[in-house]
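Asks: As they're listed, the protein sequences go chains A and B.
At position 229 of the first sequence the residue is numbered 229 (the working numbering), and the sequence of numbers has no breaks.
At position 28 of the second sequence the residue is numbered 28 (the working numbering), and the sequence of numbers has no breaks.
FYI, nobody ran anything at the bench for these hints, they're computed from the structure.
In silico DSS-like pairs for lysine-lysine, Cα to Cα no more than 25 Å straight-line:
#, chain 1, residue 1, chain 2, residue 2
1, B, Lys154, A, Lys246
2, B, Lys122, A, Lys86
3, B, Lys158, B, Lys114
4, A, Lys86, B, Lys95
5, A, Lys118, B, Lys87
6, A, Lys28, B, Lys57
7, B, Lys147, B, Lys242
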Amino acid sequence: MKALKISVLCLVVVIIAGLAVLLIAAMKAPGPFIEEFRAETAKIGKNKVVLSYPEDLLLERTSMDARLAMSEDDSIGLRVNLAEKKIYLEIQGIVLHETPILDQKASVFFKKLTPAEKYILFHKPLNINKDESSISKDVFNVVIAPKDSIEAQQREEILPDTSHTSPVTYRLYLDHGIRLQVYGQLPDSVPQFRDRFRFEYSDKYRFLKNLAQSVIKRTSAPYQPTISIVINSRDAESIYRAVPKKGKVILEF
Amino acid sequence: MTDKEFLSDPVAPEITLFEEKPRRSVWKRILGWILAFFGIAVFVFLCLYVLFIIIPKGPDIALSRGIGTDSLMNQAPVKIDSVKVWKEIAALEKKIDKLTNQGPYLIVNTTENKFYLYAENKLIRTGPCSTGKNTQLIAGKKEFRFKTPRGVHKVIRKKEHPVWAKPDWAFIEEGLPIPPPGDESRFDQYTLGDYKLEIGDGYMVHGTLYKRMIGMPVTHGCVRMLDDDIEAVFKTLPIGAKVIIY
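Please model the complete structure; the sequences and the hints are all you need to start from.
Replies: Here is the structure:
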């Protein structure tokens, strides 16, 4: 009995120590990321006149430069304005779609950036390097042609189901390791908690796995500043399908 | 001494192999087990909470406590010519205005099956339409994809009372033999409604006979509209106007 008690106590201590090590590693994660960012800004930060603009003008300038750069592109781009709480789909300067952001959350990293740093990071649209989604970009149903007109007539006319009940969630991986997470909000009557939970926790699991690996390998832990937004589910779907796989995103603060 | 005598001897010493501990009552034991189970459950819950809630927030906790967030850039003060700054901003605003100040254009949302008609930067008409049904028709070795092409297109031709020259898939879909090109059975003067606007690669924005289906993804790639809507679109958009599909 005494031996059992001691081994349980040891196990508890080991678990607590493990959690503490992981927490410390997670807290250290932004360090190397910021070092890398500093090195990057040192290269770009030559335009001292622009960077010395008054704060409000510099933010305006950041947005304008990014919008002009995106308008030169022939594909549809996404503009997320966190200050106005709105999200826009744009092409060649034309706003195709606009929807309000119902809820938003951003990593502390973004709140700590000065306007000059925001200019350096966001005066050009960010590229989408990878995405993960609960829906596919293109859905194709395969239909085999009928053998004759009798078979064609016998086939029932199937009207597509346009009622929308599946939750839409996706994650866009942008330049500088930044991530944009979009959650589609369905009406409250539709169960959506489980899907969102699964989407979020699979990400947390992956983060913990990478964190544990970095602790074992003694390398720097992963850090990805993330912006999470909640918009209407229909809009989330339209936006995801409209933006090309390697599209562009503007972040405005 | 025989066994019988030994057992009947009143002074024989009592032999006990184990010293018995005073036994706890059953209720106390049950309570002990409940407390142990409860303690384990609380510990597991706390561990999971730390693992999935606190640790993923570790970077944010560190940053909000000021670790590594001293100004990332060392900016040397620079004298600013405020007139120049305002001029630069005004020039950029002009550029953006120029971009958004376009002629009439049509926007089609294929997810919602809705259209938006703009003239002089104002929305002048909106309504339901039908877009591609996103199916792939397989007929032997032939394959046809029915999808409305996304992107920026231009009106390249307009026509009133259009006649539809049925492509091969129209016959395959109905299980009919494919007639030779130019055959009379290929031409249909009702299906496209009263107006059509060609946007390239055989795709069109046109009217329809099948009004019941408007608002649903049922077409072979074209954009179908109700009579009044297609008339407004036809009259508003000149040749060369943008049709943006997303």
